[in-house]
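**Student:** Make a model of the complete structure from these sequences and hints.
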Amino acid sequence: MAPGSTPISSTRRRANASAAWMAGFERLGWVVASLLAFVALWQVIAMIANDVRRFPTPAAVLETVMQLAASGALWSNIGVTLVRVALAFFSAMIIGSVIGILLGKYPRVDRFFDPWLVLFLNLPAIVTITLCFIWGGLTQTAAVTAVALNKIPSAAVTLREGTRALSRDLNEMALIYKFGWWKTLRHVTIPQLAPYFAGAARTGLALIWKIVLVVEAFGGNGRGVGYQIFIAFQEFDVSTILAYALAFILIVQIIEFTVLQPLLARVNRWRR
Amino acid sequence: MAAVMGSTLTEPIKIRVDRKVFPAVGERDEQLVLSNVAFEVEPRSFLVLTGPSGCGKSTLLNIVAGLDTDYEGAIDLGPGKDRMTYIFQSPRLLPWRTVYDNILLALPDGDPRVANIPAMLARVGLTEAANAYPERLSLGMQRRASLARGFILEPDILLMDEPFVSLDDPTAQSLRQLLIELWNSHPTTVIFVTHDRAEAVQLGTRILRLAPGRASVVQDARVRLTPAERLDRAVVLAEQTRIFAAA
Ligand SMILES: Nc1ncnc2c1ncn2[C@@H]1O[C@H](COP(=O)(O)OP(=O)(O)OP(=O)(O)O)[C@@H](O)[C@H]1O
Ligand SMILES: [Mg+2]
Numbered sequence: 001m002a003p004g005s006t007p008i009s010s011t012r013r014r015a016n017a018s019a020a021w022m023a024g025f026e027r028l029g030w031v032v033a034s035l036l037a038f039v040a041l042w043q044v045i046a047m048i049a050n051d052v053r054r055f056p057t058p059a060a061v062l063e064t065v066m067q068l069a070a071s072g073a074l075w076s077n078i079g080v081t082l083v084r085v086a087l088a089f090f091s092a093m094i095i096g097s098v099i100g101i102l103l104g105k106y107p108r109v110d111r112f113f114d115p116w117l118v119l120f121l122n123l124p125a126i127v128t129i130t131l132c133f134i135w136g137g138l139t140q141t142a143a144v145t146a147v148a149l150n151k152i153p154s155a156a157v158t159l160r161e162g163t164r165a166l167s168r169d170l171n172e173m174a175l176i177y178k179f180g181w182w183k184t185l186r187h188v189t190i191p192q193l194a195p196y197f198a199g200a201a202r203t204g205l206a207l208i209w210k211i212v213l214v215v216e217a218f219g220g221n222g223r224g225v226g227y228q229i230f231i232a233f234q235e236f237d238v239s240t241i242l243a244y245a246l247a248f249i250l251i252v253q254i255i256e257f258t259v260l261q262p263l264l265a266r267v268n269r270w271r272r
Numbered sequence: 273m274a275a276v277m278g279s280t281l282t283e284p285i286k287i288r289v290d291r292k293v294f295p296a297v298g299e300r301d302e303q304l305v306l307s308n309v310a311f312e313v314e315p316r317s318f319l320v321l322t323g324p325s326g327c328g329k330s331t332l333l334n335i336v337a338g339l340d341t342d343y344e345g346a347i348d349l350g351p352g353k354d355r356m357t358y359i360f361q362s363p364r365l366l367p368w369r370t371v372y373d374n375i376l377l378a379l380p381d382g383d384p385r386v387a388n389i390p391a392m393l394a395r396v397g398l399t400e401a402a403n404a405y406p407e408r409l410s411l412g413m414q415r416r417a418s419l420a421r422g423f424i425l426e427p428d429i430l431l432m433d434e435p436f437v438s439l440d441d442p443t444a445q446s447l448r449q450l451l452i453e454l455w456n457s458h459p460t461t462v463i464f465v466t467h468d469r470a471e472a473v474q475l476g477t478r479i480l481r482l483a484p485g486r487a488s489v490v491q492d493a494r495v496r497l498t499p500a501e502r503l504d505r506a507v508v509l510a511e512q513t514r515i516f517a518a519a
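Going down the list, the sequences are from chains W and F. With my numbering, letter number 80 in the first sequence gets 80, and the count goes up by one each step, no holes. With my numbering, letter number 202 in the second sequence gets 474, and the count goes up by one each step, no holes.
Simulated from the structure, these hints should not be mistaken for lab results. Any given hint could turn out to be false.
Result set (EDC-like, lysine to aspartate or glutamate): computed pairs, CA atoms no more than 16 Å apart in a straight line [said to hold, decoys possible]:
#: 1; chain 1: W; residue 1: 183; chain 2: F; residue 2: 383
#: 2; chain 1: W; residue 1: 178; chain 2: F; residue 2: 314
#: 3; chain 1: W; residue 1: 183; chain 2: F; residue 2: 426
#: 4; chain 1: W; residue 1: 178; chain 2: F; residue 2: 381
#: 5; chain 1: W; residue 1: 210; chain 2: W; residue 2: 256
#: 6; chain 1: W; residue 1: 178; chain 2: F; residue 2: 290
#: 7; chain 1: W; residue 1: 183; chain 2: F; residue 2: 373
#: 8; chain 1: W; residue 1: 178; chain 2: F; residue 2: 426
Simulated coverage check for chain W against chain F, where a stretch passes if three residues somewhere in it have a Cβ under 8 Å from a Cβ of chain F [as the list claims (entries may be wrong)]:
#: 9; stretch: 165 to 172
#: 10; stretch: 183 to 193
Fair warning: this is a prediction, and the values are worked out from it, not measured in the lab. Note that CB positions come from ideal geometry on N, CA and C, so glycine has one too.
**Tutor:** Structure follows, in structure tokens:
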């Protein structure tokens with residue numbers, strides 16, 4: 001009964017496009033089947049647990065999602081969190097990249113600052129978060145800084161790697177053909193660093209999605225998904241926790257597939 | 273183009289490399305690649321540098337181009353130094369830009385020579401590949417793109433490092449012809465590296481031979497052929513035998 005199991009007719013498929021379409025359809029089928037199985041399992045466990053408050057059924061969670069969406073709370077809190085994610089993400093990427101490129105470019109600077117980088121890489125997230133709130137108060141800036149600080153060191157390490165790997169051959173070519181700094185940056189350096197930016201962006205976003213909620217729960221000022229989950233935790237309101245989690249996962253996946261993946265495909269289109 | 277005729281190319285290029293060593297790395301000892309290499313290249317002449325693999329030809333060209341500054345000696349390119357182009361031993365195209373864009377990028381922004389790109393692409397047989405990315409082309413095609421990129425600039429000083437290797441004979445011959453045309457239509461001083469003795473004689477007005485053990489110039493010969501004679505294989509072969517008899 002799995003969607004992929006329809007018997008394939010013996011007539012040869014002529015168009016490649018139709019084969020690709022079938023493959024996509026089959027993959028989608030597997031995803032749907034897998035998710036349905038997950039929901040079924042959830043339903044069974046919820047029925048055994050028989051405690052709507054601590055282990056709500058999928059239907060109960062869906063209803064909570066609807067209510068939160070109707071009241072507008074869902075959208076406003078997700079909006080607040082997304083703004084924090086965006087601010088933290090872009091500032092971490094920019095600052096981390098600049099640091100990484102400088103370290104990759106100047107080995108002496110790198111030798112001096114490398115221990116600092118190791119220090120920050122190993123600093124537990126909870127320490128940066130508490131310190132940011134102690135020093136910055138329960139403000140938006142402190143929250144965004146706390147999230148960004150957790151990402152900057154690893155972005156710097158990735159971009160340092162990319163900068164070290166820059167092609168000397170192409171740099172010499174740019175020199176001989178008098179590209180100047182702007183043309184060199186745009187046509188020679190940035191395309192070489194693009195895969196490293198992309199790598200840092202992907203792992204960065206994955207980290208930031210998770211850490212932003214912790215930061216909000218910890219130092220929330222009344223708004224944001226993390227803070228709502230924290231309130232729900234105090235009231236043992238599992239249904240609300242799961243409702244926010246589901247909505248959040250959905251948004252993250254939509255961003256991944258509509259923004260990140262097409263961007264990666266575009267950056268890589270020259271490859272063999 | 274006509275305006276610059278003869279204006280910049282009045283002084284010879286003066287090359288003097290007293291000593292070039294590559295420092296020891298790991299197990300490998302310090303390596304003396306060039307020592308007491310000194311010569312002048314007359315304006316508009318076509319100098320060929322030849323010698324076995326590893327004797328320091330590319331190293332010398334990198335020094336002349338100003339890419340390698342870690343040597344003892346002095347290079348004076350004269351007034352043509354701002355109109356110098358170096359066609360590297362490897363194509364060095366930007367893999368993320370199309371063939372057309374690679375050539376376009378060699379020109380300063382807004383340069384009118386953009387109009388010459390299609391004709392240049394046709395001349396090197398890459399019209400069809402204009403919008404292809406370099407990594408999807410054969411090495412020979414990449415080489416031709418790199419030649420087009422160098423030639424489009426109509427340089428006063430042209431450094432070339434084995435530009436025609438890995439090309440089939442008719443293609444190589446046609447590109448040599450293109451080089452000669454460029455050299456005739458525009459006052460260019462060429463320094464050309466090759467292993468190929470027939471090519472050296474066919475193109476060069478003067479041949480310098482480097483030898484690995486000596487790290488220096490071991491032969492300096494003039495080629496005495498008229499443009500017509502250069503097209504005659506038998507004459508080229510005879511001149512080649514005369515020049516390289518000592519080698
Ligand atoms: N960056 C480098 N570091 C250390 N040694 C080098 C470096 N570049 C070249 N060499 C050494 O210098 C010598 C000359 O190299 P070069 O590339 O100039 O030779 P070539 O005459 O151009 O050879 P080919 O005809 O094979 O291109 C070689 O022995 C090479 O190993
Ligand atoms: Mg070489």
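**Student:** Are residue 178/W and residue 314/F close enough, with their CA atoms no more than 16 Å apart?
**Tutor:** violated, 25 Å
**Student:** Under 8 Å between beta-carbons, do enough residues of the stretch 165 to 172 of chain W, three at least, approach chain F for the coverage claim to hold?
**Tutor:** holds (count 3)
**Student:** Hinted pair, alpha-carbon criterion (16 Å max): residue 183/W, residue 426/F. Please report holds or violated.
**Tutor:** With a Cα-Cα distance of about 21 Å, the restraint between residue 183/W and residue 426/F is violated, given a limit of 16 Å.
**Student:** Check the hint pairing residue 178/W with residue 381/F against an upper bound of 16 Å on the C-alpha distance.
**Tutor:** Holds. Residue 178/W to residue 381/F sits at ~11 Å (cutoff 16 Å).
**Student:** Are the Cα positions of residue 183/W and residue 383/F separated by 16 Å at most?
**Tutor:** The given pair, whose Cα atoms are some 15 Å apart, holds under the 16 Å limit.
**Student:** Between residue 183/W and residue 373/F, is the straight-line Cα distance small enough, at 16 Å or below?
**Tutor:** Within the cut-off at roughly 12 Å; holds.
**Student:** At a Cβ distance under 8 Å, does chain F reach at least three residues of the stretch 183 to 193 of chain W?
**Tutor:** holds (count 4)
**Student:** Starting from residue 210/W, check that the Cα of residue 256/W is at most 16 Å away, please.
**Tutor:** holds, 15 Å
**Student:** Does residue 426/F lie within 16 Å of residue 178/W when you go C-alpha to C-alpha?
**Tutor:** holds, 14 Å
**Student:** If you draw a straight line from the CA of residue 178/W to the CA of residue 290/F, is it 16 Å or shorter?
**Tutor:** violated, 28 Å
When each numbered hint is compared with the structure, violations occur for hints 2, 3, 6.
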